[in-house]
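S.K.: Take a look at the letters that make up each chain.
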Amino acid sequence: MDPIAESTESTESTVLARPAPNAEEASEVGPCVRRAQAGDLAAYDQLVHQFQERIYGLCYHMTSHHEDANDLAQDTFVKAWQALKSFKGNSSFYTWIYRIAVNTCLNHLKLRRNRTTHLSLNDLDLQPENHPDLVALVSDKTPRREANLAELQRRLNEAILKLSDDHRSVVTLHDIQGLPHDQIAKILGVNPGTVRSRLFYAHQQLQGWLADWVQ
Amino acid sequence: MIDDESSKRLQQLLRLKRHETPPPGYFNEFSDKVLDRIRALESERAIPKWRRWFSRGSQSSHGPISESGLWSVWGWNTAIGLSMLVATVGGLYWASRLTDPEGMSGNPPLQAASLGNPSAVAPAAFTVGTGLAVGTGLAARSMFELAEPRSVQFHPVTVSISGSSPELSSTNPLPSGLFQLPGASGGGSEAYRVRFGNSPR
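Residue numbers (the numbering used here), protein chains in the order written: chain A, 1 to 215; chain B, 1 to 201.
So that you can see chain A by itself, here it is in the shape it has in the complex (with noise of 0.2 angstroms):
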């Protein structure tokens, strides 16, 4: 079995990249938010408590910078709650409050186009750095041996903030976080087609991005 296959499909449940909630999870969700529609911070604290890793998660790989992903998650929460009494319903929470974080992050890059961008993946806990499929991986797989974890690290996050925002969104959501193309849609208030298409050409100029560890 391909190493960084099993590496991943181990992986699956890693909490940043959780997936959209079930029926089960969606139906805690509504009274919850119902109460804090009546202004219940009790309840809105346990829908941040719910979404916060995975809103986080969506901050963090929308810019790969630990500090402003804390900051937008932050700001994603405050402008929920703001914005909550004007929740009808329409869609999901999930997905109401994931279009927020996705706008937030993307109105935050746009102010930070012009600033010099620096990762700041220091304090960040790689988890498989020692898992030995993906050190076989990186040791044996690979036409640069000498490379090492970190060195595939900065590679995926600089191609990943090379790409346009859209297609950022796009990536993040559907080959990060695990979001169906249908959801991203309703996420991005586009058509299925165009998350379809965006996914395409980002993937293109990844593989051109990442051709040493891709082929």
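Warning: the hint list may mix true and false statements.
Said to hold, decoys possible - Selected chain A positions facing chain B (Cβ under 8 angstroms, derived; list incomplete):
1. H61
2. W81
3. H203
4. L210
5. V214
As the list claims (entries may be wrong) - What follows is a list of derived Cβ distance ranges for each label pair:
6. L41(B) <-> Q204(A): 35 to 45 angstroms
7. D36(B) <-> R35(A): 15 to 25 angstroms
8. P192(A) <-> S43(B): 39 to 49 angstroms
9. I80(B) <-> E28(A): 47 to 57 angstroms
By construction, these hints were calculated from the structure, which means they are not laboratory data. What you are looking at is a predicted structure, and each value in this text was computed from that prediction instead of being measured. All C-beta atoms, glycine included, are put in the ideal place defined by N, C-alpha and C.
Given the coordinates of chain A, work out where chain B should sit on it, guided by the hints.
M.R.: Structure of chain B alone, referenced to chain A:
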């Protein structure tokens, strides 16, 4: 066309990013920070807008407004306002002293132009065709004249209208707007003389 195998490997590579997680315990305080910010916003919203306005600039965007901070800013704003007021009044007084060495008491106060007896004042020194002619005396005193040099003397002002004046009508009064000429709207060849309140009769 993207090779299926490399596409699959790319997606596997991207999924590795799921392992990038914040330090352990990071999320323990996350919701507390969010709720603190929300409470701060709620308490700020409870403060009247005019008090928030005075407190702008000295408060952090996340913190509540304290009474001491509020009044220190209030005092600062008041001091700036008073300074600007004193500077304005002083400037006006100084300008008036430059204009009138004897002080404002030497001249009657500014007043709107009044129509006097047409025969009491000589007509305008010059007229141009059928248009509007303004006397050679200085124009009506205005705020702009306060900046005139000391040598300026004020004289009676006369304004005469001669001939038919299409420029003057009820819908097109004198451009200065300082006085009105009753009857001017009818045009004609009558000459109107306008005398200011401070001119001799």
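S.K.: Does the Cβ-Cβ separation between D36(B) and R35(A) fall within 15 to 25 angstroms?
M.R.: Distance hint for D36(B), R35(A) holds at roughly 20 angstroms.
S.K.: May I ask you to test the interface hint for W81(A) with respect to chain B, counting a Cβ-Cβ separation under 8 angstroms as satisfied?
M.R.: holds, 5 angstroms
S.K.: Within 47 to 57 angstroms or not, the Cβ separation of I80(B) and E28(A)?
M.R.: holds, 55 angstroms
S.K.: Is the interface hint for V214(A) satisfied, with its Cβ closer than 8 angstroms to some Cβ of chain B?
M.R.: Where the cut-off is 8 angstroms and the nearest Cβ of chain B is about 4 angstroms from V214(A), the hint holds.
S.K.: Does the CB of H203(A) sit less than 8 angstroms away from some CB of chain B?
M.R.: Result: holds, 6 angstroms to nearest chain B Cβ.
S.K.: For the restraint on H61(A), tell me whether the closest CB of chain B is nearer than 8 angstroms.
M.R.: Status holds, d = 6 angstroms.
S.K.: When you take the CB atoms of L41(B) and Q204(A), is the distance between them in 35 to 45 angstroms?
M.R.: holds, 44 angstroms
S.K.: Quick check on L210(A) please, does its C-beta sit within 8 angstroms of some C-beta on chain B?
M.R.: holds, 7 angstroms
S.K.: Confirm or reject the claim that P192(A) and S43(B) have a C-beta distance inside 39 to 49 angstroms.
M.R.: Since the Cβ atoms of P192(A) and S43(B) sit about 44 angstroms apart, the hinted range of 39 to 49 angstroms holds.
In this structure, none of the earlier numbered hints is contradicted; all agree with it.
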